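Novice: Sequence order for the protein chains is A and B. Add 2 to a position in the first sequence, counting from 1, and you land on the number used in my numbering. Add 376 to a position in the second sequence, counting from 1, and you land on the number used in my numbering.
Calculated from the structure, these hints are not laboratory results. Keep in mind that this is a model prediction, so the values were computed, not measured. Careful, some of the hints might be misleading.
Counterexamples of contact, computed for chain A against chain B with all Cβ distances above 12 Å [as the list claims (entries may be wrong)]:
1. Thr4
2. Arg39
3. Ala65
4. Pro69
5. Asn86
6. Gln134
7. Asp153
8. Ser181
9. His184
10. Ile197
11. Ile199
12. Ala205
13. Ala237
14. Asp251
FRET-style restraints, in silico, Cβ to Cβ [what the hints assert, rightly or not]:
15. A:Glu246 / B:Ser404: 53 to 61 Å
16. A:Glu246 / B:Ala406: 38 to 46 Å
17. B:Pro427 / A:Glu246: 22 to 30 Å
18. A:Lys164 / B:Ser404: 24 to 32 Å
19. A:Asp43 / B:Thr378: 51 to 59 Å
20. A:Pro124 / B:Phe411: 46 to 54 Å
21. A:Pro223 / B:Ser428: 28 to 36 Å
22. B:Arg381 / A:Asp43: 49 to 57 Å
Think of the CB as a built atom: it goes at the ideal place given N, C-alpha and C, for glycine as much as any other residue.
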Amino acid sequence: MTSIQQQVHTWLEEGRVDIFLAYRMVEGHPLPHAFTRERIDETDTLVTGPARYSLEKFATHIASRYPDAKIGMVARDCNQRALNVLQVWNQLKPGQVDTVPVNCCPSLLKPHADCSYLEPKPAGHVKLERGQDPNQSLAQADTLPRAERFDRWMYEFSKCIKCYGCRNICPVCFCKDCSLEHPDLIGTGHLPPDIPIFHLVRAVHMAGRCIDCGLCEDACPAEIPLRLLYRKVNAIVKDLFGYETGSGDTLPPFSILGDKPTMSPQPLLAVSQE
Amino acid sequence: MTLKRMTFLQHLLDFMGLAGRLHLEWISSAEAQRFVATVTGFTETIRRLGPSPLRSAALRRYDNISAAPVPCSGPASLQPPAMPDSGIQIANG
Ligand code: SF4
Ligand code: SF4
Ligand code: SF4
């Protein structure tokens with residue numbers, strides 16, 4: 003038994019948690035799995051590795067059905083940030099989720115790392131010519147002339163098949179009635195969906211929420227560089243309001259009514275003729 | 377709150393290439409002149425910016441990509457997707 007299997011076994015046995023979310027090897031694939039006291043022997047099959055899933059999303063579903071359940075889960079840095087956000091947004095009670103930290107981003111002190119995101123996929127030549135390279139920096143994405151930026155993003159969005167994969171995998175997309183499925187907000191019956199509205203609606207909702215886990219981009223079958231888009235969302239929230247999403251238990255800037263306005267209406271953004 | 381959201385949105389729209397087309401201003405019903413000045417000024421700005429690229433996007437034209445399209449010799453699945461007629465109407469975009 004590995005030490006983590008042992009730890010989960012003990013936690014379940016002692017009743018520290020009622021249910022423990024982690025990964026289990028099934029037919030050679032590491033799949034998310036809920037370990038319970040009733041089937042405690044399954045902890046022998048618990049594995050760690052590069053596979054990632056938004057386990058905290060399961061936790062919110064379990065918590066909404068069984069508000070008093072004590073939930074345990076393995077957590078990387080991104081899971082931890084998501085748990086912070088879910089508490090801030092009242093989807094989980096503080097202390098309801100107990101975590102076992104697992105290996106994550108590499109550092110000089112700890113060169114070994116386990117994350118499916120550490121080997122980014124290179125962009126193909128069509129994407130480089132017409133679309134947005136998911137591996138570029140925000141600064142690079144900002145340097146193209148506006149008209150080209152627009153066309154490149156629209157090219158990316160036009161590939162969307164409206165599968166909702168980005169929303170379904172996202173740990174912080176928890177709304178009961180999602181705007182993306184509201185026929186008055188997003189037209190129905192055609193593909194691609196209304197662009198750029200479909201993607202901008204989600205981008206706006208991610209302000210103060212997205213914890214930059216990149217699962218949406220991993221999940222997108224159309225390879226739309228969603229993480230890049232939401233990185234910009236996070237950068238704006240940070241620049242304008244000094245808020246770092248997922249870093250703690252403070253409310254996001256959009257949920258706080260300040261005593262007095264600290265901003266003044268912007269004149270139009272300076273637009274140079276390009 | 378509205379102010380925060382609108383400022384945020386102005387930056388996000390600029391990132392994807394749509395700048396200067398969103399404007400927020402509070403005008404009381406007593407400030408007729410300010411209303412006129414704002415609307416006139418914004419109308420001028422929009423006129424200077426020209427037609428919204430969302431319109432040509434609705435017609436599926438992507439003319440502003442500087443890299444010359446390189447013929448793709450791969451299988452059809454590698455070709456940039458033909459833009460289907462989605463029937464989108466961006467009348468109030
Ligand atoms: S990176 Fe994507 S999946 Fe992860 S929190 Fe942000 S929007 Fe959600
Ligand atoms: S896309 Fe927006 S409305 Fe839909 S679940 Fe996510 S945050 Fe909620
Ligand atoms: S995962 Fe990609 S293709 Fe699916 S709805 Fe989201 S953006 Fe569109």
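Novice: CB of Arg381 (chain B) to CB of Asp43 (chain A), is that within 49 to 57 Å?
Specialist: At 51 Å between Cβs, range holds.
Novice: Looking at Asn86 (chain A) again, its CB stays over 12 Å from all of chain B?
Specialist: Per Cβ check, Asn86 (chain A) is outside 12 Å of chain B; nearest 21 Å; holds.
Novice: Per the stated criterion, does the least C-beta distance between Ala65 (chain A) and chain B lie above 12 Å, as a non-interface residue requires?
Specialist: 28 Å, holds
Novice: For Ile197 (chain A), which was marked as not at the interface, is the minimum beta-carbon distance to chain B over 12 Å?
Specialist: 7 Å, violated
Novice: Minimum C-beta separation from Asp251 (chain A) to chain B exceeding 12 Å: can you confirm that?
Specialist: 20 Å, holds
Novice: Against the range 28 to 36 Å, how does the distance between the Cβ atoms of Pro223 (chain A) and Ser428 (chain B) compare: consistent or not?
Specialist: 29 Å, holds
Novice: Using the beta carbons of Lys164 (chain A) and Ser404 (chain B), state whether their distance is inside 24 to 32 Å or not.
Specialist: Violated: the Cβ-Cβ distance is about 42 Å, outside 24 to 32 Å.
Novice: Does the claim that Arg39 (chain A) lies off the interface hold, with its Cβ farther than 12 Å from every Cβ of chain B?
Specialist: 46 Å, holds
Novice: Examine each Cβ of chain B, and state whether all of them lie more than 12 Å from the Cβ of Ser181 (chain A).
Specialist: Holds: least Cβ distance 14 Å, greater than 12 Å.
Novice: Beyond 12 Å from every chain B Cβ: check whether that's true for Ala205 (chain A).
Specialist: 6 Å, violated
Novice: Regarding the assertion that His184 (chain A) does not contact chain B, is the least Cβ-Cβ distance greater than 12 Å?
Specialist: 16 Å, holds
Novice: Can you let me know if the beta-carbon spacing of Pro427 (chain B) and Glu246 (chain A) is within 22 to 30 Å?
Specialist: 39 Å, violated
In summary, the numbered hints that this structure violates are 6, 7, 10, 11, 12, 13, 15, 17, 18.
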